[in-house]
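If you're matching them up, the sequences are chains A, B, C and D in order. Taking the working numbering, the leading residue of the first sequence gets 1, the next gets one more, and so forth. Taking the working numbering, the leading residue of the second sequence gets 1, the next gets one more, and so forth. Taking the working numbering, the leading residue of the third sequence gets 1, the next gets one more, and so forth. Taking the working numbering, the leading residue of the fourth sequence gets 1, the next gets one more, and so forth.
Simulated from the structure, these hints should not be mistaken for laboratory data. Just so it is clear, CB atoms sit at the ideal spot from N, CA and C, and this is done for glycine as well. Any given hint might turn out to be false.
[Claimed, not checked] If we take Cβ atoms under 7 Å as the criterion, some of the chain B residues that face chain D in the derived model are:
#, residue
1, 28
2, 32
3, 36
4, 260
5, 280
6, 282
7, 287
8, 294
9, 298
10, 299
11, 301
12, 304
13, 424
14, 458
15, 462
[Stated by the list, open to error] If you only want the chain A side, here are some residues facing chain C, beta carbon under 7 Å, derived:
#, residue
16, 249
17, 280
18, 299
19, 301
20, 323
21, 417
22, 466
23, 467
[What the hints assert, rightly or not] Simulated pairs of lysine to any residue, SDA-like, Cα-Cα distance not exceeding 20 Å:
#, chain 1, residue 1, chain 2, residue 2
24, D, 138, A, 278
25, B, 565, B, 584
26, C, 334, A, 422
27, C, 138, B, 54
28, D, 138, A, 351
29, B, 157, C, 293
30, C, 334, A, 419
31, C, 293, D, 279
Chain by chain, the residues run as shown.
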Amino acid sequence: MSAEIQHLESAVVRFAGDSGDGMQLTGGRFTATTALSGNDLATFPDFPAEIRAPVGTTFGVSAFQINFGAKAIMTVGDRPDVLVAMNPAALKTNLGDLRSGGVLVVDTGTFNPRNLQKAGYDADPIEAGTLKDYQLIEIDISKLTLEAVKDFGLGNKEALRCKNMWTLGLMLWMFSRKREPVTNWLQKKFSKAPTLADANIAALNAGHAFGETAELSATLKRYQIDAVKSEPGLYRTVTGSQAISWGIVAGAELAGLNVMFGSYPITPASPVLHTLSGMKELGVVTFQAEDEIAAVCAALGASYGGALGVTSSSGPGIALKGEAIGLAISTELPLVIINSQRGGPSTGLPTKTEQSDLYQAIYGRNGDAPLPVVATSSPGDCFDAAIEACRLAVKYMTPVMLLTDGFIANAAEPWKIPDLSTYAPFKVQFVTEPGEAGFNPFKRDEKTLARNWAIPGTPGCEHRIGGIEKSFATGHISYDPANHQKMTDTRANKIAGIANDIPAQTIDQGEATGDLLVVGWGSTYGPISEAVRCALAEGLKVSHAHIRYLNPFPANLGDLMKGFKQIMVPEMNHGQLKTVLRDTYLVDAKPFTKVSGQPFKIVEILDGIRAMLGA
Amino acid sequence: MSAEIQHLESAVVRFAGDSGDGMQLTGGRFTATTALSGNDLATFPDFPAEIRAPVGTTFGVSAFQINFGAKAIMTVGDRPDVLVAMNPAALKTNLGDLRSGGVLVVDTGTFNPRNLQKAGYDADPIEAGTLKDYQLIEIDISKLTLEAVKDFGLGNKEALRCKNMWTLGLMLWMFSRKREPVTNWLQKKFSKAPTLADANIAALNAGHAFGETAELSATLKRYQIDAVKSEPGLYRTVTGSQAISWGIVAGAELAGLNVMFGSYPITPASPVLHTLSGMKELGVVTFQAEDEIAAVCAALGASYGGALGVTSSSGPGIALKGEAIGLAISTELPLVIINSQRGGPSTGLPTKTEQSDLYQAIYGRNGDAPLPVVATSSPGDCFDAAIEACRLAVKYMTPVMLLTDGFIANAAEPWKIPDLSTYAPFKVQFVTEPGEAGFNPFKRDEKTLARNWAIPGTPGCEHRIGGIEKSFATGHISYDPANHQKMTDTRANKIAGIANDIPAQTIDQGEATGDLLVVGWGSTYGPISEAVRCALAEGLKVSHAHIRYLNPFPANLGDLMKGFKQIMVPEMNHGQLKTVLRDTYLVDAKPFTKVSGQPFKIVEILDGIRAMLGA
Amino acid sequence: MNDMSAAKMNEPLKPADFATDQEVRWCPGCGDYAILKCMQRTLPDLGVTRENTVFVSGIGCSSRFPYYMNTYGFHTIHGRAPAIATGLKLANNDLDVWVVTGDGDGLSIGGNHLMHALRRNVDLKILLFNNKIYGLTKGQYSPTSDVGTRSPSTPDGSLDPSLDPISFALGANAPFVARTVDTAQKHMPIVFTRAHQFKGTAFVEILQNCIVYNDDVWAKVTDKASAPDHQLHLEHGKPMLFGKDNEKGIRFNPATFSLEVVTLGNGVDLEHIQVHDETSLPLAQMVARLGHKEGEPVAMGVIYAAPRGETYTEAVLGRVASAKGRRSLQDIMKAGETWVVE
Amino acid sequence: MNDMSAAKMNEPLKPADFATDQEVRWCPGCGDYAILKCMQRTLPDLGVTRENTVFVSGIGCSSRFPYYMNTYGFHTIHGRAPAIATGLKLANNDLDVWVVTGDGDGLSIGGNHLMHALRRNVDLKILLFNNKIYGLTKGQYSPTSDVGTRSPSTPDGSLDPSLDPISFALGANAPFVARTVDTAQKHMPIVFTRAHQFKGTAFVEILQNCIVYNDDVWAKVTDKASAPDHQLHLEHGKPMLFGKDNEKGIRFNPATFSLEVVTLGNGVDLEHIQVHDETSLPLAQMVARLGHKEGEPVAMGVIYAAPRGETYTEAVLGRVASAKGRRSLQDIMKAGETWVVE
Ligand SMILES: Cc1ncc(C[n+]2csc(CCOP(=O)(O)OP(=O)(O)O)c2C)c(N)n1
Ligand SMILES: Cc1ncc(C[n+]2csc(CCOP(=O)(O)OP(=O)(O)O)c2C)c(N)n1
Ligand code: SF4
Ligand code: SF4
Ligand SMILES: [Mg+2]
Ligand SMILES: [Mg+2]
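Isolated chain A, as found in the complex (with noise of 0.2 Å):
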């Protein structure tokens, strides 16, 4: 007989062991399956700098957290209930994350002298009694596994490889999730070599079987998380790479134009250019240049081209970048710029998460030379963000560059998947006739100041274009004073005019007026938000705004802060959207900064509220 199941709201879960152990894929098929029963959830993957370190050192421990809940899920949780320590060095690791009474499961298979040594552990945690603080399961999953796949003829090294299914199955059994969609993938990834499918799901289920035994039933609980109520639609799991990629084919297909996406590899932007590689069927062409500089001048050689020129990087390549991003402001060609950050200066954390390159974004580069920052703020937000990207690149010329960081791009979250037809369309239209006194690229729109677009092959519209300094009457060079100032007071005009074509800015949480104004922007969105509720709950005045238009602000930004007594910016970084905001409103706002490449927790940011309101 199986144990009590017990309902819960939520639950976190962390996956912790080596590099090789694959937990990534451990934590992946438990997120499937779980946003499969409906869960609303959000994922963590933290994995080491390198690709493979060395079995049983701490730096090679892999990492995967999820959050689930029949609630919404609005971060990856603060603390895991459960933490699954494959090794020593993953419990070394891990541990102090773990809730005081939380469950840990270890596989005491691994706990041989030579792995505590690694993992640093002078005596065996275990025996040494240390771990009393918790609801400590001890396992021999790697002898339980060899056991359950000893009939499938696997060497000694392969047959282990199965543990992560063992130990699949046994948090399958624990949250009562079923096993069929695993199997099935299995089966599927797989189907060359049927013995190993055999073998995994051997394992899954004998992990699953081990769970229900009787005996064990009364250290081992059993949960049941229902599912959320979500709005009806058809859902998918996405993580940040998949959506910002797929968000700006869809801006593209409204902007009818086709992407070409010119990148080079860094981490943790790749996956956006592997996801990209694989999207022919919708045009998508992708070049991996020599370097990001190379990019860049690609993407934007493409726009030239009469493309929707892409680009995208991470911190050190978007600095790069920055010459020729002022090349397109000035040029005043298309080109979105994603720069998934990660922890820094210089190459810094590359694995880890940072919201470090706010500066970058909005500064960074030679000259009077603005352009649009828009803020990603969730795996699933990537998707309408990148779509903004793209329609204020095409609709006012301009380089446009688009913020996700380290966190979003690999984490994963259920998503409802949009109906492609109720999105608005925002054609381009190419000047095809020089008109009347013969063609002058730099003839503006009136209401936005775009330029005239007219892409080569187009007869008689036949101009140059460059980096020096062009008449605004002629589009010629010109090294005329006052022209120069025309200039550039246009290009800053042009971009402030966006304020008045993006949605005024909104408080997602709290009322109009108050207290504290938490002001966030990006992927502490999660973080703030639940924070916000608890300090509601708690009677506090707060309210959260999330930020996703950083340049320019939406109009009503500065009037909305008026409304707060104070102003608590919580950021990833050592204060940068704080300058912006001091700068632009002469508001008061305060920095509340973290900058050790790991996202907020909640009661980190609660705490900062408290403190501000002496609560």
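Following the hints, position chains B, C and D with the ligands against chain A.
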């Protein structure tokens, strides 16, 4: 008999002609002679972007302006008192600046239909009588020059090249300057072609004699401008490029290091490369790299090796250096980055001046990546500013951005040659012993927070550095979240701490409190200074503070600004210092901007002051 | 302009049709003028249209070129023209894209982009104006400058060994490599035409005189008197002869494993003279370096031409074209594991 | 550490002295381990000191190398190691500076710096680990990847023709070029030693296996069984023989103007076999490309070595040294036109 001599306090003269007319040379010689006469002065060379544009075109006009006086000269002068126009194009492009009633000397020999048409004149402006607001002096300089040199057997083209010396002769007469310095210079320059020397001297003398000719004395006035009262000492004229180069060498000497200067040519930064390339006698190594990235990297590599690495460029090149500057920040190595700002964005206006790279200097990198920013405010000031940049770089183990601009780089002014023995050395102490626990490159000085510097070649101190985050405790690679926070904070604190190691901000002119503080930086020093002087004379309660240290600001700056009701920030950009002031101090700093590629005129700022004060 | 183009629709274009109304801003006497004229003369003969022709350049005197061509033109940033042109081709492969660059633009800051454009075989026509100096920034030495070049940044003469553009291009796996010179008004069109007709990236080094900062650096090669002894005109399948009366030739010496200059007669016959084979890479690599030694002529014309079938852009766009339409974005989003909330 | 170094002052260093206490973070089975070990074994034999040895690298798996060498080390940014190393040499020419780079780091983003370091002859010892893939970023194709390489960014196989590192280096005017392979524990030290002893820039391509993302890409060359037929070990002055029993050789065919594989016997004698001359650039260029065609072996060892006398750094620093002290800064400031105000 010569004309009666009128005494003047100061005068502004502009020489304008075709690129091939040698106007820069004429201006340079006039400057040298004027400096030797003991006047204070300021110059502004304004040359076309083309190397040698076709003869007679407006875009091929090259001009040189000098303001000189018996009083302190702060700017090149808003409007010339005397304009020399060597051809119609020069007249066309420069006349607008001549003050009404000013002296206008034209070489009528060039006013033929072809040249008039090239300049865009429908009718000859001399004949059309459109010049009657000026004291027009028509001279067929071409013809008179040919006559003056006819005995030297030069070809027509070569003979005409002496026109500029003829003109210089006339101007030297007009301002009662000596001819000897020019004659000596010509003899030296043409030592290998004595005929050319003689011909040029003959032209010079002929021009001078022309002034002396009695029949003309009615139209041609003669002026005398006495020597300015300056501090006693040995003087010379310097350009900003010279002074900054010398300052770097002096700074390195004070630090006890050799300079390794890595650069790539770019306007207007190249003269620093040229100057330093000629200073091998001081141990200066220059490296013309394949691009700006290699230039900064080589400089950083040299610093790693124990030299003082210095690099230099202008906006587009600095944009390219961003990623490598991040590496310097992360590895905490000294480096001086000189940015000779020019008109942007992109290629922009390469030969024009601007201050639009302040954003880039302070914010233009990925990650939280602060560095000190120091600005020069005049050619002579470059020397001390460069020494300060070197001092901060080695004392704090940090890259330092040294901002200058096209105006300062090319302008010249009299300069009291400093006595190098009076400068306090800041000798670098390399670590040469690993210490008890072994060498840790990231052990820090408790006060400055600068890290330990041991250089390759030091036995026992072998260590590895790089751009990945390092452990605060050991200097080894670290992905630890808390450590990243600590290192980010430490890097920020180190730079912020410099505020206590730089001079307090002073008020340059005016009272310590008042109605309006004009806050400037860089090359706007002159026009702000003069404008504030005028405003004070008008009885306005205005003061002027000029900031050399733009990051961090001097510790007292916030308090200092509190003494004023309003803050005005004139900048040759769209309001960049304004952003930093507002962010840092939440003070309502009002931008007052000009982005035309030309320096501010005094009157523009004065009008701005009056407008702000409702005067 | 519209009317003009409409009217001329069926008339063949003339050189003047390829000239813009912008004043040419090079120094009087600059070699760039001759190259410009030559291009304006050659394009009509190639039967191309203005609208489908694009000149993309970097920064430098040479890179001003597009402003004077009445075609589409993009004066980009320093060194990046090959990358921008690559993107342009990937957006529209029907365009004839010429890249104009200098020895500084193309081989100093832009060396990497040039190299990758060459090895990828992007079907760009790349003209490198080699004046062995940085013209626009007033005369600093460049990667192709001879050792000992005195310049503002090398007042005592440069010290770094120089780069040979053709050897570089061949090392970078370029499929078409040629050389010509600004003074050769008859030779340039031939080379431009060959480059244009070549399917794939074509790289042309044009020896160019900078009258202001490096005057006469090519004088030996271009002076009427010395030219015959200093130019070797290559023709595929023809023996490599040069000299006023074709009295000299190039022979392969197996002992030294190198090409050497010989004078015909005295036992040296035509059959000893190496025949040019523009499809031979090893030969091209040797021919490229002729002129480095005193007495050797500089090779002019098509040094190497080995078509590779499909160009990079064709291959990439071909794949996209054949995949296109197979699924819609909506299909892709709906593929995989989905569930319905009701 | 201090004591240790003091104590060992007079003892010769051992391989272990060149190892750091940092855990090596490459994938188990990565070819980089073998190269690391080999370097740690070779340095003691070269008689160098730890303090005067510096490893400078870019970014990539290969570029982690410096962390494991107990010498000075600088793990810089992607592609820029040659530039940083150049500056380092200009600051202190007494240092032995090794540059470690990968096919992505050195030939993709860093191609230009590598090229200029080669042509300038900066006296760097440059090791390029060629695994034909971007390891660190999880397996995208690189400029040296074979056409058709399937990778996350080329799911249908790559399309761009690849670059040959040795041909590239020769085209860039490198004075020393060699090749070795990660599995050759005896050959690597010989090549490292030659590179170290060479006066000038030395470029070494090391064929390296990435077990995770491009496993067995060099299998033909490295597999015990097939190696003899796929490796040609070059020795200066020796005929180019290969095969298990040296039964095959390389011959120059003047008709095709190229090197070809022949089997000894049947009229093919040793004297027909091309003798390796490492000072011949044309020969090096041909030898470099062996292996591109089926049946050809890949050349291993020193392909080209042509010392050029003074290195760039010597020349530059020599000039500075001879000028130094001639005038003081104060002198320079006072030179020219000055005047006294009293
Ligand atoms: C990023 C950047 N760096 C430097 C420059 C300055 N610059 C402009 S052209 C040039 C060199 C031009 O040399 P080359 O390509 O040989 O052209 P040429 O003028 O000789 O035709 C340089 C260094 C620039 N415009 N942009
Ligand atoms: C500016 C920048 N762009 C991109 C990256 C990402 N990146 C790191 S290593 C690498 C490629 C490494 O390939 P290779 O040099 O062949 O080294 P390997 O890992 O194969 O040894 C890339 C693209 C980076 N770190 N910095
Ligand atoms: S500087 Fe030289 S290359 Fe430039 S335009 Fe003048 S002559 Fe031509
Ligand atoms: S990814 Fe490849 S190159 Fe990198 S460490 Fe692993 S096996 Fe080696
Ligand atoms: Mg040039
Ligand atoms: Mg690689």
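How the hints compare with the structure:
1. 28: Constraint on residue 28 of chain B not satisfied, violated at 11 Å.
2. 32: Since the shortest Cβ distance to chain D is 5 Å, the answer is holds.
3. 36: holds, 5 Å
4. 260: Holds. Min distance 5 Å.
5. 280: The hint holds - residue 280 of chain B has a Cβ within 7 Å of chain D, the shortest such distance being about 4 Å.
6. 282: Hint on residue 282 of chain B: holds, closest Cβ of chain D at ~6 Å, below 7 Å.
7. 287: Nearest chain D Cβ about 6 Å off; hint holds.
8. 294: Interface hint status for residue 294 of chain B: holds (4 Å vs cutoff 7 Å).
9. 298: Cβ of residue 298 of chain B sits 3 Å from chain D, so the hint holds.
10. 299: holds, 6 Å
11. 301: Where the cut-off is 7 Å and the nearest Cβ of chain D is about 3 Å from residue 301 of chain B, the hint holds.
12. 304: holds, 6 Å
13. 424: Not OK, violated: residue 424 of chain B not within 7 Å of chain D, min 16 Å.
14. 458: holds, 6 Å
15. 462: holds, 5 Å
16. 249: Check passed: Cβ of residue 249 of chain A comes within 5 Å of chain C, closer than 7 Å.
17. 280: Result: holds, 4 Å to nearest chain C Cβ.
18. 299: Hint on residue 299 of chain A: holds, closest Cβ of chain C at ~6 Å, below 7 Å.
19. 301: At 3 Å from the nearest chain C Cβ, residue 301 of chain A passes the 7 Å test, so the hint holds.
20. 323: holds, 6 Å
21. 417: Constraint on residue 417 of chain A satisfied, holds at 5 Å.
22. 466: holds, 3 Å
23. 467: With a minimum Cβ separation of about 6 Å from chain C (threshold 7 Å), the hint on residue 467 of chain A holds.
24. D/138 <-> A/278: holds, 17 Å
25. B/565 <-> B/584: The hint holds at about 18 Å.
26. C/334 <-> A/422: With Cα atoms ~16 Å apart, residue 334 of chain C and residue 422 of chain A stay inside 20 Å; holds.
27. C/138 <-> B/54: holds, 17 Å
28. D/138 <-> A/351: Status holds; Cα separation ~12 Å.
29. B/157 <-> C/293: violated, 39 Å
30. C/334 <-> A/419: The hint holds at about 10 Å.
31. C/293 <-> D/279: Given that 20 Å is the threshold and the Cα spacing comes to 16 Å, the pair holds.
The structure shown violates the earlier hints numbered 1, 13, 29.
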